[in-house]
Structures are given as structure tokens and as C-alpha cells.
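Trainee: One-letter residues, chain by chain:
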Amino acid sequence: MPTPHPAIAELRAVLGERGVVSDPNELRVYECDGFPIAKGMPIAVVFPIDTEQVSAAVKILNKHNLAIVPRGSGTGLAGGCVSFGDGVLVSTSRMTKIEKIDITNRMAIVQAGVRNLALSDAVAASGFHFSPDPSSQRAATIGGNAATNAGGINTLKHGVTVNHILGVEMVLPDGTIIQTRAGQLFDGVGPDLPALLCGSEGTFGIITRLWCRLAPKPKHFRTVYAVFPSTADACKTVTDVIAAGILPTSMEMMDGAMIQVVEQAFHFGFPSDAAALLLLEIDGVDEVLDEQMEAMLVIAQKNNARDCKRCSDPARRAELWSARKKAFGAIGRISRSYCTQDACIPRSKLPEAMERINAIGKRHGLTITNVFHAGDGNVHPILLFDEDKPEEVQRTLIASQEILEYCIEIGGTITGEHGVGVEKLHLMPKLYSAATLQTFLSIKKTFDPRQIINDAKLIPSDKLFVELVHPVGMNMNVSGGAGA
Amino acid sequence: MDQTLTQSGARVVDGADALADLVRRSAAQRLPLVDYGRAHQGLGNPPPGEHVAFSQVGGILDHYERDFTVRAAAGARLGDLQAALFKTRQFLPIDADEDLSLGEVISHHVYGGLRAGYGSVRDHLLGLRYIDCRGQLIQAGGRTVKNVAGYDVTRFLVGGLGQFGAICEATIRTYAVPEQTMVVDLDVADPAGIDAKLSPLLLSDATPAWMILTRRKGEWALQIGYFGRLTGCVAQLHALEVQVSGTDTLNIAATSTSSTLERDLGDLARQRAWRRSAGALVKIVVPPASTGATAKALAAWADEAEDADELLIDAMPVHGCLWTGGNLTGPAAQELDQVILKLIAPVGGLRVWANRPADALDIAPFAPVQPDWPMLQRLLATLDPLSMFNPGRFLKPETAKP
Ligand SMILES: Cc1cc2nc3c(=O)[nH]c(=O)nc-3n(C[C@H](O)[C@H](O)[C@H](O)COP(=O)(O)OP(=O)(O)OC[C@H]3O[C@@H](n4cnc5c(N)ncnc54)[C@H](O)[C@@H]3O)c2cc1C
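If you read the protein sequences in the order shown, they are chains A and B. Numbered according to my numbering, the first sequence spans residues 88 to 571. Numbered according to my numbering, the second sequence spans residues 29 to 430.
Accuracy of the hints is not assured; some may be wrong.
To give an idea of the chain B side of the interface with chain A (calculated C-beta under 10 Å), a few residues [stated by the list, open to error]:
(1) Lys115
(2) Arg143
(3) Arg171
(4) Gly256
(5) Thr259
(6) Pro315
(7) Lys424
Don't read these hints as lab results, they were simulated from the structure. No experiment lies behind these values; they were computed from the predicted model shown. Every residue gets a Cβ at the ideal spot worked out from N, C-alpha and C, and that includes glycine.
Please work from the sequences and hints to get the whole structure.
Mentor: Below, the structure written as C-alpha cells:
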């Protein structure tokens, strides 16, 4: 048994026995997040229960020069909450208090470890909800959602997390507690600090408390799905629907391989020979929804949709969305390992992008399947591989890189919702100029002058070497993945 | 000494390269650059005596029509942008004056009643390019609907009052022009009564595309707009009737439908035209459910005060924002400020003076102190260490105190 780090006893003195885990066996579950290609073992994990404890713990870690890594539920898909050096994870999993619900002002104050769905459940009777809806919403924390600026299925119409966060409290790496503009207000003075903190991936500090905007939960929906003979037809339907002035809540697409996976798992009766399926939903004033739904179906049919089904039964609708949200889990049926990409491209480029992604897969002898937020142009190509074949792993990573580089070329970005973490660090210089990256680094240093919190993530540097592109010979395991 | 910099009048800059060049030349001479916009000259502390004033040329750089996205120069006038977009049945849901540039809208987080249904420019903005104090082009965000690669500097600059860099272009989401609009005018017996009605209204089908409470010549009026198909607007009107029936606070006075959004946007602009000439103008932000009560209290003060009975008010109850003012004397503005500060203290609100009468310039432009100002100060020191952009307008370079 190695000697425990001297910081551990100090942390225990502040956080109590339950507040610190340092047994290597117990630490195993913290060695990766939903991107298991990147693994790293922390020295310890601490579980503060409030802002003051976070601040006290951070001061101790600072004193001992230990790297600090914020962690919510660990559902991230970019290795963001993993410690790759001598680091300690600061978990918010015991910070689960909903501190205030103010329906008349459509606002709730929560601790960062409150799960996304827990807040919506808590306000359900009021008719309001917390709108961001990542597929991981049952598990993911609101702090994690803010730190990654998580999106979801209904973001096309209702926005991503940043659109629903009014204020943030954060503990900086030196233990200082900062708060953004008056949290209960929908506007402030000067630049928008809450927006800068959202999506900062734990590289500025630890978010401890959030002022969340509550939005009216849509009451009336129409859900349809349409089956297409080609992905190009389905993609064209997506752009045509939006060009017709309809703004759906969600436009989700699955390709042929994915339809089969979902069909095997959930038995919806989707045709097994379909090349693509679009799941479309609109919400709004009941009186116009039928008309809009018919307009969408006409567009789908014009684009060769073979089979269009209206789905007005709420139970059936719930099943469909549940299947969509569980689609990633079902991939395990056809491949033990897979790697999900998260590029976002201009919507009008979807048809050519799908073609190119498939061509890249073919060239590298890989199966790539797709289930994604088509309305946002947020593609999630899923590359299937066998983790026991290092050469195949390598082809997978090279193909992933080619896909992302292509997406940048056509005006897209490398990540629409999962974040950069360590996974996409090497692509940041392809997306941003040196001056822009330098600006990011200066901003980071303003919050974290000693660069001890989630350092070397999000911004490329030569400090952290998590080799993902050429995994042969790397000291890492490659196993399953997850996705949105 | 570069004589061209110090010549009188504002320099009109055409494009990112020219702007970068201007920044570099000004930085070399330690001459700050100043752009307070057209409609916000009185907002914040005045610029330093020696400075280079500038504005930018406009223009649409790309309209990705099928993506409902437009990339425009920061100098593009909102009216020109809307006119070009209307030709393709698209528009920007930003009800700001048409002579404002896109950069001014972003830097001042300008919004109106349309925020109720569409959100503000903060929600529509996808990417920005700006020139930093070293004359470098910085690219934030991009042209996709979602993008979480790197820090969200794009949204950070919204409301930044031009102190963190000179925005040179923006990429922004556009929306389809609605087929039909319906405007509903309501009489308001008691503005404070709106506060309790708001949440039920937003939960019903009567959710508005825009909503504005106004006080003119001592009279209150609430205007609500609906967008969409005629059947939808009618259904929303019925839902509104249900919401207001049985209350003695609100009463539907008139409704009108039209199929020209341009006209409605023009009407909204005329409604707020007073703000451009008001010698005293202040923006107040309170929690949404305090909007009506705040408006009522302001009116009560105006009724009692000398020289203030013409106090005008525009309030956006959905977001807790109020604009108030008129042609007040200095002492009346001072008194109004004290009233506002007393009103907003218990609810944690804030206020910003956009115009102060000449004899009331000692009113602090921003109050009360917000918890994030020290952090913003540190960020300013990082991003504009040379104090090149609108120095001291909001955050003062040396003192950390706005
Ligand atoms: C099955 C599945 C489906 C998914 N679907 C979606 C989807 O639809 N949309 C989407 O956007 N994402 C999705 N994700 C990704 C993931 O769920 C989100 O990124 C989520 O927001 C992460 O929350 P978390 O609490 O698990 O954070 P973690 O994974 O613990 O951390 C993620 C990042 O945030 C930082 N962080 C976490 N908490 C804090 C805090 N309190 N303060 C500062 N930094 C913090 C971490 O350091 C790390 O960088 C999915 C993941 C899975 C496994």
C-alpha cells in the first residue's frame, strides 16, 4: 500500500470520512468518463456538500500543488472529468439541494450536483421545466450541463444550456468564491460572464450553485416519423422543412444500420431495409400543429419518403423518444466498442457530409452508423471497432480525425455539445487561429493563474500527452463509448 | 505622430483589416479608440479627452439562406439587414432602431418586447470576429447552430459596451417571417396586477411573441403580439381572453391583424422613439414578477413629483426590464434615481442610466455594484491591457470600480 498523500488527512479533517475516497480499488470507477479511451487514476476523490466545503478543499489542494479536476456525474464524452496527473477529483455528487423554486419569477436556485431531470421533476406540477434535455439527463448534473453547455433533442427550438442559465456561483482554484451578476435577473450590466462560464469545461473553477431559468413545458405536440430510401433524401427533408419556415422542436435522424439496431432492441416495426429515418416533433399552439405536421409530411414525401407515420398517442410518442435516447446503448448489440463523434455543420451541408462520412468509413474498412440531431446539423457518426485489434483502433481514430477535419472544411465545428476535453485538443488549432487560442489561454489564466484546475484540457498545449491519434503502443485501454 | 489619427470627426473603417490597422496605429500612440454607438452616446462614463472616434462600414457578407444564418459586418445597419432579409422572407427578431449597427445591438444587448417570444441577440448569435488590442483578429464561435469548441467569447461580448475589443463581424440566426401577425391592445387598470398574471399567461396558449407595457400621458396600456398562421393567432387570442376574463386588471380594448411584419416592427420603433430624445433615460432590471409593481411605483412618484408628470415608461414584464425617463430636470432625475434605488434594493434589481441631464452627471451610471464586477475587471485587464477600447466607460482601467 503506497503512503497516502499528506493532503488526504487534511481533506478528511475538513470533509469527514465520507467526504474523501482514496482507496485505489474504490477509485477505479473514477478513472474515466463516457469516453473510456482516455483513462487516468486520481489520487483521491472528494465529495463536498456545499460551497464552503468546496472552497476549503480547493485551498488544501492548492497548498499541496495538486491538480484539481471538477466532476459531476462523469457522463461526459471527452475525458474532461478525468485526472491525468497527480490530481484530485472534486465531485459534486453530494451537492444535490434544490435551494429555491420561484415559479412567479420562473427561476430555481440549485446546487451544482442536482441532476438535470431532478429539477424538472421538482417543478413538474407548476407546468414549468428546466428545458435543456441531454439524453443523459437522468444522470448528468446541472453543473456538468453548464460546464459543457450541454444540448439535447429539443435545442433547435428551445436552446442549449447557456440559454437557460441566469447566474453561476463558482469556486476559483485558489478557493475564492465568485458569483456572476444578480442571478435572479434576466439581464445584467456589462459583458455576459455567465455565458463565458458555461462551456468552460471545468477549466476556470468549480461551479457550485446555479440560477436556472424555468421555461413553460410545451403541452401540445405532433410527432411523426418518415422512412427514406437514402440518407440524402432524409437530409434534404430536414433543410426543406426549415426553409419552409417551420421550426420543429426536434429533428432526429438515424441511418439504416442504426434503424436495425433500434428495431432489434425495441421492435417498433421500422422497415429493416430503410436507409434513413427521420423523427420529427413540433410543439406549440394546438390549432396549428396538424397543419404544420401535414406540411412536413408533404415535404418528406416530395423527398421520396416511403413510409410516414403520425404519432398522436402520448404513450407511443414517449416510447419513440425513449428509443431515441437509448439508441446509443443499443449499439452494444452490434459492436463491443464504438467511438462517437460530435461535429456540427451548417444544416444545408448534411447530404454531402453524410456521403463523405460513409466514404471515409469505407476507405478505412470501418462501419460507421449515425443517429443525430439533424435539425441542428449536429452529426454523431459512430465508428464501430474491435478494441482487441490495435490496428483497427488506429484506423478508427484516423477516420474520426478525417471526419472532423472535413467538417471544419465545410464551415463546421469539431464539437456541437460534447466539448473538447482531451479528446479533441489536437483539432483546436485546425479550428482556431493561434491568436484566438492565445486569447482562450489568457482567459483561462485570469481565472486560474497557476493553471491547476483541469489544466491542459480544452486548450492544446504540450503539457498533457493523452495520445489518441496513434494508439498503438499507448498505455491505454479502448473500450465502449456512449453518445447523445 | 500619425496626424491622420488625430484629425477631427469619426474615422469610418471598412473591413477587419482596416480596423486591425487602426487599432495597431492607435495602440502605437496610446490613443484609445472610442465607439459608443448612435443611440448610446450618454451611456456610461464619458470617453477620455484624447481619443480616436470610429465607426464601421456595413454590409451583408454572406446570407446562408437555407441555413437561416447571416454573416454581416458589425457596421451593418439593422434596417438594411432587415430589408435584405425580408426579400427572402426571413428576419432578425430584434426590435432595435433601424439606424443602429449590428455591433451596437450586440455591444449594448439591445432588445425589446420581441424577446418574449424569440429571445434576445444573446440567443441568436452564433459567432463573432473582433479585433483585440494588439490588432489581431480573434474568431469566436462560428456559423453552426451549436458549437462548444473553446470558450464562449461570442456571448461574453454581448453587453460588453465595447470595452473588450472591436467587433468587426457577426454571424447570427435568422427566422422565417410569420405569415400573419396579430396585435392585441389591452387597457390596464393596475400595472402591478400583471405580475401575478404572467406565469399563468406564459403557461397558456396565450404566450406572446411580444409584450410591452407602456405609460404615456399618465395612461397605461399593454400590447401583446402574436405571430403565425391566422388560425394560430386566433386561438392565442381566445386563450388570452380566458386569461383576462374575470380580472379587473386587464381588458382587451382592440385587436388588429396584418400580414406585414415590417409594419409591426415600424410601429414598435415609433412606440419607443421617445427614448432617442429623452434627456433622462434609465434602464431598470428587476425579477420579472416585480415589473408591474415597479412600474406602478415609478408612476406614483411621477404623479407626486414636480416636473415629472410626463414620465414615460416602457416595460417588458416577461424579462423584468423597464425603460423610464423623459425630459426631466437634473434635480428631478436625481430624485428619480433615489426612488429607483429604493425600489430595486429589496428585489435585487439593478439600473443603468442611458442619458443623464447635463446638470445630473454626478448620478453614478451603473448601480448597485454587482458581484461579478471584480472578475470582469480582471478579464478586462487581460483582454485589453492597453485600455484601448472605450476606456472607463463601464469598467475603469485603474480602479476596478465602475
Ligand atoms: C448516454 C449519454 C448520452 C448523452 N447525451 C448527451 C446529449 O444529448 N447532449 C449533450 O450535450 N451531452 C450528452 N452527453 C454528454 C454528457 O452527458 C454531458 O456532457 C453532460 O453535461 C455532462 O454532465 P456530468 O454531470 O456527467 O459532467 P461530467 O461528465 O462529470 O463532467 C463533464 C465536464 O464538465 C466539468 N464539470 C462537471 N461538473 C462541474 C462543475 N460543477 N463545475 C465545473 N466543471 C464541472 C468536468 O470537469 C468535465 O470537464 C451524453 C452522455 C452519455 C453518456
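Trainee: A separate judgement is required for each hint: does it hold in the structure or not?
Mentor: Hint-by-hint comparison with the structure:
Because the smallest distance between the Cβ of Lys115/B and any Cβ of chain A comes to about 15 Å, over 10 Å, the interface hint for this residue is violated. Contact between Arg143/B and chain A, as hinted, is supported at the beta carbon level, the nearest pair being about 9 Å apart and thus within 10 Å. Interface hint at Arg171/B: satisfied, since its Cβ lies 5 Å from the closest Cβ of chain A, which is below the 10 Å cut-off. Hint on Gly256/B holds. Least Cβ distance to chain A is approximately 6 Å, under the 10 Å limit.
Checking Thr259/B against chain A: minimum C-beta separation of about 5 Å stays under 10 Å; hint holds. With its C-beta approaching chain A no nearer than about 4 Å, Pro315/B sits inside the 10 Å limit, and its interface hint holds. Taken as an interface hint, Lys424/B does not check out: its beta carbon lies about 12 Å from the nearest beta carbon of chain A, beyond 10 Å.
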